[in-house]
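Model the full assembly from the supplied sequences, consistent with the hints where possible.
Keeping their order, the protein sequence lines are chains A and B.
Take the position in the first sequence, starting the count at 1, then add 263; the result is the number in the numbering used here.
Take the position in the second sequence, starting the count at 1, then add 117; the result is the number in the numbering used here.
Since the hints were derived computationally from the structure, they do not count as laboratory data.
Treat the hints loosely; a few may be bogus.
[To be verified] Mimicking BS3-like on lysine-lysine, the simulated pairs with C-alpha atoms at most 30 Å apart in a straight line are:
1) A/K343 <-> B/K172
2) B/K318 <-> B/K258
3) A/K329 <-> B/K362
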Amino acid sequence: MWKSTRIVAGYLKGDSLLRITRVLREDKTAEVELEIINCSIAHVTISGDFFVYPEETIDFLEVLLKGCNNFECILDAFNKVRSAIIIGISWEALEKAVTESFRELCRNSS
Amino acid sequence: MEKLRVILDLAGRDVYWSMAIDEALLELRRRDKIPDTLRVYVINPSAVTIGYFQKISESVNLDYLRVNNIGITRRITGGGAVYHDSQGELTYGVVLPVAGMFNDVNESFKIICNGIVLALKLLNVEATFVPINDVTVHGRKISGSAQTRRGDFLLQHGTLMYGTDIDILEKVLKVPSVKLSSKGISRIRERVITLHEVLGKRISKEELAFILVKGFSHALAREAFYDEYTEEELNLASELVEKYKDSSWIFKR
Chain A
264 MWKSTRIVAG YLKGDSLLRI TRVLREDKTA EVELEIINCS IAHVTISGDF
314 FVYPEETIDF LEVLLKGCNN FECILDAFNK VRSAIIIGIS WEALEKAVTE
364 SFRELCRNSS
Chain B
118 MEKLRVILDL AGRDVYWSMA IDEALLELRR RDKIPDTLRV YVINPSAVTI
168 GYFQKISESV NLDYLRVNNI GITRRITGGG AVYHDSQGEL TYGVVLPVAG
218 MFNDVNESFK IICNGIVLAL KLLNVEATFV PINDVTVHGR KISGSAQTRR
268 GDFLLQHGTL MYGTDIDILE KVLKVPSVKL SSKGISRIRE RVITLHEVLG
318 KRISKEELAF ILVKGFSHAL AREAFYDEYT EEELNLASEL VEKYKDSSWI
368 FKR
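So this is what it looks like as structure tokens:
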């Protein structure tokens with residue numbers, strides 16, 4: 264169960280929020296940092312003290328998410344990694360953090 | 118009874134070598150060049166390891182590490198940041214097949230961490246395994262572990278704080294406030310405990326190492342036999358050590 268999430272930082276350029284960091288806590292802690300340019304994911308970092316097997320899955324997910332400019336792309340990226348074992352945080356929570364951050368940034372980008 | 122090869126490496130090696138040897142053992146076990154192996158070792162000088170997924174700048178106080186010349190590297194295992202006190206912590210690493218009772222990750226953490234629990238029981242210390250990967254005494258963490266899997270084999274390594282300098286640990290590690298508050302505490306010190314505090318007396322690392330081996334032997338239902346590193350293990354570790362010293366690995370995220 265996803266216990267808590269909060270935005271810890273946002274980067275503004277003019278009136279646009281371009282980078283957002285969310286911290287989520289289940290049994291372990293994860294941080295999702297998302298940065299967009301023209302409503303396209305320019306950079307994403309998923310970090311924390313959780314476990315994933317194989318570990319390279321997170322690196323792969325970050326590569327898949329880069330360039331995503333819609334929710335279907337984000338969903339597709341997560342579908343490609345969902346079979347990997349994750350301990351301490353759920354794929355559902357990470358996906359929600361990415362999609363909500365993307366929504367927040369695109370709503371605010373000009 | 119199945120055997121468990123045991124290597125005691127208590128003289129101390131630096132953190133880069135220590136992580137390289139753990140990875141070498143996993144790789145060579147995968148290649149069926151060595152049997153299931155438990156290693157009990159000391160990281161010397163004192164140093165920090167961070168989990169594979171951690172953002173280094175948010176896990177440790179880099180300025181403090183720099184000023185105090187404390188080394189740091191990134192592990193191949195997930196989990197959190199660890200301060201390895203050369204005068205107060207024993208580290209273990211065990212390579213085992215994923216088959217059977219170790220197939221489920223959570224269950225494997227529990228079985229292997231039970232080695233720590235049973236070792237402490239031999240010292241009349243009541244310890245508890247707390248999922249996912251901790252062992253606590255009086256509700257405070259005395260040991261943490263992390264695990265990776267490659268093919269049909271796992272490496273689990275972890276700590277036992279027998280006399281860790283908690284003042285330094287607090288200065289070195291950054292713990293997210295959300296994590297502390299989720300445990301109802303405000304400082305790291307409230308969350309951790311050392312064996313010296315529990316026992317009210319000191320215990321030597323040598324004595325503790327043998328007790329740890331007994332604990333793991335019972336937990337894994339294996340008969341321990343003592344051994345030394347092979348040339349192949351040390352050669353492979355000497356190749357892998359460069360990765361652990363590489364800033365692009367350490368500062369990966």
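Taking the hints in turn, this is what the structure says about them:
1. A/K343 <-> B/K172: holds (24 Å)
2. B/K318 <-> B/K258: Holds. B/K318 to B/K258 sits at ~18 Å (cutoff 30 Å).
3. A/K329 <-> B/K362: holds (29 Å)
Checked against the numbered hints given earlier, the structure satisfies every one of them.
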